[in-house]
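**Q** Order-wise, the sequence lines are chains A and B. If you count the first sequence from 1, position 67 lands on 67 in our numbering, and the numbers rise without skipping. If you count the second sequence from 1, position 48 lands on 48 in our numbering, and the numbers rise without skipping.
Think of the hints as simulated: they come from the structure by calculation, not from any bench. Check each hint, because a few of them may be wrong.
Under the rule of at most 25 Å between Cα atoms (straight-line distance), these lysine-lysine pairs were calculated in the PhoX-like manner [as the list claims (entries may be wrong)]:
(1) B:K45 - A:K392
(2) B:K45 - A:K360
(3) A:K366 - B:K45
(4) A:K359 - B:K45
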Amino acid sequence: METVQFMTIADTAEQLRKKELSPVELLKSTFKRINKYEGKLNTFITLMTEIAEKQALGAEKEILSGNYKGALHGIPVSLKDIIAYANVPMTNGSRVNPEYIPSTHATVTEKLLDSGAVIIGKAHLHEYAYKGPHPYYGWTKNPWDLSRVPGGSSSGSGSGVQAGFGLASIGSDTGGSIRMPASLCGVVGLKPTYGRVSRYGVTPLSWTLDHIGPLTRTCEDAAILLEAISGYDTKDDSSYKDLKWDSNEFKKNTSLKGKRIGVPESYIFDSLHEDTAIAFQKALKSFEYAGAEIIPLEIPELNRLREAQSTILLSEAYSFHMHNLEENADGYGPNLRPAFETGQFYTAESYIQAQRYRKKTMQVFKEIFKKVDVIVTPTFPDIAPEIESYEKEVSFWRGKFTFIANILGLPALSLPCGLSTENLPIGLQIMGSPYSEGEVLSIGSVFEEQEGYYKVLPNESMWE
Amino acid sequence: MNIELLKNISNEINGRTFDSALEKQLVLYAKDLEIVLNGLREVSKEFPLALEPAPIYSPV
Numbered sequence: 001m002e003t004v005q006f007m008t009i010a011d012t013a014e015q016l017r018k019k020e021l022s023p024v025e026l027l028k029s030t031f032k033r034i035n036k037y038e039g040k041l042n043t044f045i046t047l048m049t050e051i052a053e054k055q056a057l058g059a060e061k062e063i064l065s066g067n068y069k070g071a072l073h074g075i076p077v078s079l080k081d082i083i084a085y086a087n088v089p090m091t092n093g094s095r096v097n098p099e100y101i102p103s104t105h106a107t108v109t110e111k112l113l114d115s116g117a118v119i120i121g122k123a124h125l126h127e128y129a130y131k132g133p134h135p136y137y138g139w140t141k142n143p144w145d146l147s148r149v150p151g152g153s154s155s156g157s158g159s160g161v162q163a164g165f166g167l168a169s170i171g172s173d174t175g176g177s178i179r180m181p182a183s184l185c186g187v188v189g190l191k192p193t194y195g196r197v198s199r200y201g202v203t204p205l206s207w208t209l210d211h212i213g214p215l216t217r218t219c220e221d222a223a224i225l226l227e228a229i230s231g232y233d234t235k236d237d238s239s240y241k242d243l244k245w246d247s248n249e250f251k252k253n254t255s256l257k258g259k260r261i262g263v264p265e266s267y268i269f270d271s272l273h274e275d276t277a278i279a280f281q282k283a284l285k286s287f288e289y290a291g292a293e294i295i296p297l298e299i300p301e302l303n304r305l306r307e308a309q310s311t312i313l314l315s316e317a318y319s320f321h322m323h324n325l326e327e328n329a330d331g332y333g334p335n336l337r338p339a340f341e342t343g344q345f346y347t348a349e350s351y352i353q354a355q356r357y358r359k360k361t362m363q364v365f366k367e368i369f370k371k372v373d374v375i376v377t378p379t380f381p382d383i384a385p386e387i388e389s390y391e392k393e394v395s396f397w398r399g400k401f402t403f404i405a406n407i408l409g410l411p412a413l414s415l416p417c418g419l420s421t422e423n424l425p426i427g428l429q430i431m432g433s434p435y436s437e438g439e440v441l442s443i444g445s446v447f448e449e450q451e452g453y454y455k456v457l458p459n460e461s462m463w464e
Numbered sequence: 001m002n003i004e005l006l007k008n009i010s011n012e013i014n015g016r017t018f019d020s021a022l023e024k025q026l027v028l029y030a031k032d033l034e035i036v037l038n039g040l041r042e043v044s045k046e047f048p049l050a051l052e053p054a055p056i057y058s059p060v
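Excised from the complex, chain B in its bound form (with noise of 0.2 Å):
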């Protein structure tokens, strides 16, 4: 994931100031990132266009 992208993202949409000494770690975190989105973006084609309201979540 590009880096740019993640600085606009927070100090555009998110409301913070982007901290340079975080670039290094976050371009390694944000490979993980990518991964969890685009699996989850899979998963959810799985979920029917039902009608019934859906089950975010109740504990257990």
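Excised from the complex, chain A in its bound form (with noise of 0.2 Å):
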């Protein structure tokens, strides 16, 4: 059998169906990698070896006798610790409840298990999805460089993904916490678009700004994922009726003719670490080596689009939290706690503001989606930083890219396209008009088999 971390759900999907590979084997091997290297990577907060287990020893008896269920039968899948399964400790990474056991199923955990996949265990995140880890629990590594931060708040889901713990893991992302890991750990991070994921039995942020989505090896695997986790959810009022995702939207080209790709060139390149600036241009000029078209765009909204984001957010999660604040102030951790007590400072104006520009930049995108097909920035404007000095920050703004997407609710993604001088990932962002999913993963498809970066893997010596 290949090694997992080469490993990905399209090939061994293929290899399942035909009975050349049996689920057993398959966890097998993914729990002997997670027994060898979790100790230095710190990926899972929950471990579901014996569910898992028994998930993969049934799938082998149904693809056996016939009854192969798709491309996730049989295929190891972490969770984010925000998303319930029933009977498993969820902690949120954070202390504040940290012996809570759902007693359901999260919609997205129901939705995998009938796609027949295996759940191996509870990853690791930022404490609530927000700022950085609760230190009870201690950083999730990169497994790039075991001194940089991961990405978050997803974080055991993106440096798990690329060391081979699973083939994919479910994130939540608020502000790019799917893409964020995605991109400084070297994997592919899809938020789809605001309602195409039910985020029942998962706990919020920003009801307003939280998305579920997957991380993955490439792109189509992020298809085959969100085919299995998207659709109408009665549990979830933001779940909209007529979308039905289907993965044959996404398609495989190995050309760009004809498509449009627009470039908001001041908004990018005004705070620009110099190496993603580089591999930023790269990827521009692979897109139309592909036969694109590059469109440089002037969106002015963005420049205080930030603003009416943190109202949003922060008013949100302070009116989750204030209870728990008050009454359970101990649970939280030291950085995130201050954070989440500023939401009580906001006004009700300035959170109606804030929704109403919010509205005015939807309107705006919607005649820019008129000109462009898609529109791209790099990820996340800096190289990962170091733990160390990330620590001391009081500034979350590294997400000047991903939060576009989470305000206007519009699909994005997040693949590697190139490597800085010290040998880290650098990502690129495409984000897309809703729903329009198929088109986001299809030219990610291009890009990625066309450079490649997906098959330029970490030295995973270090993790021993």
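With the hints as a guide, bring both chains together as one complex.
**A** Here you go:
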């Protein structure tokens, strides 16, 4: 069997379908890697070994008896530990209520189980999906350099997928929490359109900004995961009835002829790490080489949008956490608590103005998407920061490219587009109009195949 | 932003008991709060006083 780290879901599914590989063997190989490297990488809060073994055995029996369910049948997947799995502890990466055990599955968990996926554990995360990890759980490490942050808040998901601890992970994204770890760990992360994936059974950070999506090795794998987890859910008011994602919307093309790619140049280049700027320029050349037209954009509305995002996020987060902040204050980590407490000082008027500005900017983007098919930016302006220096920062504002898709509800993908001079991955973000995941993933796939960065892996000997 | 003001808002308007252990960090966070509130006040000048219902938020 190939090493799990090199495997994609698409290839592995084919082997499982043809009975050339058994789900039990695949799971054993996955846990062998986890047991070998988890001590250094710290990507899980709870491993679900026994549950996963039962599921893998069940999948094996089903496949052998001719009941193959599809591309996720027998595939090991992890869940960020704010996503409920019934009867398994859910910590949210916090000490506010670490003994909490949900009694029902999140909708996304149920959908994964229905598709035959094997759930291997609850992935580490930034506490309540914001700021940084609680000191009790410590930092998840970046597989490319253990002294660097892996990005967050879906930190265990990004690091774990890169390390081959399962072939995918489900994360959440409120300002970039799927795409930033994908970028810094060198994997693919997809934040779908608002309403595409149910949030039922997922601890909220900010109701109107939260999204659920996959972290995978390739764009094709993200399309497979999206098909399994998307769809209308009566238990989530924000999910839409008419949205039926079908992975046939994802096309493995080789050309981008006729595609128009928008680049908000002045917004991007005013504060970019030199290596990120070089990788991004190279990516634009690659798009042109594939036949796309690059269209420079000026979007002045972006300059004030961050203020709307902060107001909405912290007001909504405070509304959710206010009683725990009073009654269970010591459970919060020392960095998260003051950040959430700040939410109480935003005025009702500022929240309303933020939502009005949000709506206005959505209209601006509607017009922009008549002129371009997608908008590209780097995912993260910097390279992965050192953990030591990152911990001293008060400002969280590294999400200047990613938050746009949260506040506007747009689908957005991050995929690897190069390496820095220090051998750290750099991510490219592709944003599309609402419900255009097929377009976003297909364009990403052309770039991915042309450049092949997903095949470049970190040196795992440093994790021993 | 004045920390006494934040304390008073917390205690008198928001029904909370201000924890003085947070003072130092809240002063740092409040710097951004001021920028954000001023920024939103500025952009709100662009909104017309029209008779149509204000588009607050509907997903996508």
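**Q** Does each hint fit the structure? Answer for all of them.
**A** So, going through the hints one by one against the coordinates:
Between B:K45 and A:K392 the CA atoms are separated by roughly 36 Å; this puts the pair beyond 25 Å, and the hint is violated. Our distance criterion of 25 Å between C-alpha atoms is met by B:K45 and A:K360, whose separation comes to about 13 Å. Pair hint A:K366 plus B:K45 holds up; C-alpha atoms about 22 Å apart against a cutoff of 25 Å. For the suggested pair A:K359 and B:K45, the alpha carbons sit about 15 Å apart, so the restraint of at most 25 Å is met.
Checked against the numbered hints given earlier, this structure breaks only hint 1.
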